[in-house]
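Top line first, the protein sequences correspond to chains A and B.
Each residue of the first sequence is one higher than the last, beginning at 0 in numbering that gives the first Met the number 0.
Each residue of the second sequence is one higher than the last, beginning at 0 in numbering that gives the first Met the number 0.
What the hints contain is simulated information worked out from the structure, not anything from laboratory work.
We treat Cβ as the ideally placed atom computed from N, Cα and C, and that holds for glycine.
Possibly wrong hints are sitting among the right ones.
[Claimed, not checked] Which chain A residues face chain B? A few, computed with CB under 7 Å, are given here: (1) Thr95; (2) Gly101; (3) His139.
[Said to hold, decoys possible] Footprint (simulated), chain B over chain A, 3 or more residues, beta carbon under 8 Å: (4) 60-68; (5) 141-148.
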Amino acid sequence: MMTGLGYRRELAAWIAAQPRGVECLEITAEHFYPGAGAPPGQLARLAGQYHLFVHGLGLSLGTPGPLDGHQLDQFARVVQAANPDWISEHVAFTRTAEGDLGHLNPVPPTREMLQIVADHAREVAERCGKPILLENITSHVRLPGELAETDFLNELCARADCGLLLDVTNLFINSRNHGFDPLAWVWELEPRRITQLHIVGYSRAGHRYTDGHAEPIQEELIELARAIASRAPVQAVILERDEDFPEPRELEVEIAKLSRISRPD
Amino acid sequence: MPNFPASAAPIDFTTAFGRLLRDGALRDALAADPCRVVEQLGVREQDRRALLQLVPADLEYQAEILLRKRLGTVREFIPETLRRLAGEAWPCFHHYARRHWPEAPHSGPRDAHVFAGYLRKTQPASVCDREWNRLEFFMKQKRLAVHWVRRRGEGRAGWWRGELQLLVRTGRQAGRWAEWFWHFQL
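This is chain A alone, in the form it adopts within the complex (with noise of 0.2 Å):
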């Protein structure tokens, strides 16, 4: 199993060095379109130094009527240009006929929605010419739906011939906002389908728990993490930190903490 971090602009310079046990890194897709800020060639020299994986934050996979072609053509631009192992986008919607949302939010689980996120998962992989996993998110609201979340996810998996990348924190986070238990909810997917982890240590605020993506990871989504990988072949482990960067040395511990996720006792 590898061990990396998604790339963020206030890290370059620490991934630039290869610091030990960073094998990999995700790079998020919109942060290399047009207009984003990215460094020409910068790409280039990160596919040269690291394995890397593409993570779209903005297809909307789970808005009805057709994707955004302008937002697939330069995703799959950046795809080109970093030549990942593997693509992956949310099991969300961001926006909606009337406008965008800005952020991800959940679909209902109907037999309908997994007819349009199969589809438009599909088209995505078959754009860019590589295999695509589909990601859980966090939702603060449960959507009542025909099936199941997890009979969901094992059917969109089938449908769409693509992995599961799961979020163990958004999963933890799910499990304690709504009150289930976040193994149980594991052993009902199809433990083959689950490719790549994402953690980060998650968030409170008063009652609920939030993915801030500020926080070091805790124990206890190590240990969930552990459970997971000791029971599905998990190949890429990321580290998902996004706000209140640590110091070198701290990263270097948090990458650390990932390697114990593969490592039996």
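Chain A is already provided as a structure; the job is to place chain B on it using the hints.
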């Protein structure tokens, strides 16, 4: 009914959910009388049950996540203004943003521009003139703008710093422009 009129054609769950996430007044209305709001939105029959089962507090929190993302984007355009607001930044933005949703294109600077305009009416001392001039220049697609900006100097009471702010568009695209300052001690 808040910002959305009744739809001519039935709308799906995603469209209705999106409207609720964007419009605080609509969320308030749903919490008060869910059946009436779902009826007036013109939601498809098969999607009504899911909307009626939304827990108002959870929906509000999900919407708040989107507002905090917006504030993060707005901060890139008016960092000094938000620094001056300090602990009032989030309550002020929340009050404004629950009622206004920026339209594309340039939804980030548009949001910052409208929010700064709102602050100029409600908390004028908090608005950084440099940032306001920059947003006016960008959103009104000017080619050239010159501003005299007076700023209270640090240290001795009664001292002011003056500066000339020059903004020039350097290309056809909206994002291509340059900015210069000349400082004066008064």
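These are the hints, each one checked on the structure:
1. With a cut of 7 Å, the hint placing Thr95(A) at the interface with chain B holds, because the nearest CB-to-CB distance is about 3 Å.
2. Using the Cβ-Cβ criterion of 7 Å, the hint placing Gly101(A) at the interface with chain B is satisfied: the shortest such distance is roughly 5 Å.
3. Annotation: interface hint on His139(A) holds; nearest CB of chain B at approximately 4 Å, less than 7 Å.
4. Closer than 8 Å: that is the beta-carbon criterion, and the region 60-68 of chain A has 3 residues meeting it against chain B, so the requirement of 3 holds.
5. Chain B is given as covering the region 141-148 of chain A, and this holds because 4 residues of the stretch bring a CB closer than 8 Å to a CB of that chain, at least three being needed.
Against the hints set out earlier in the document, no violation occurs for any number.
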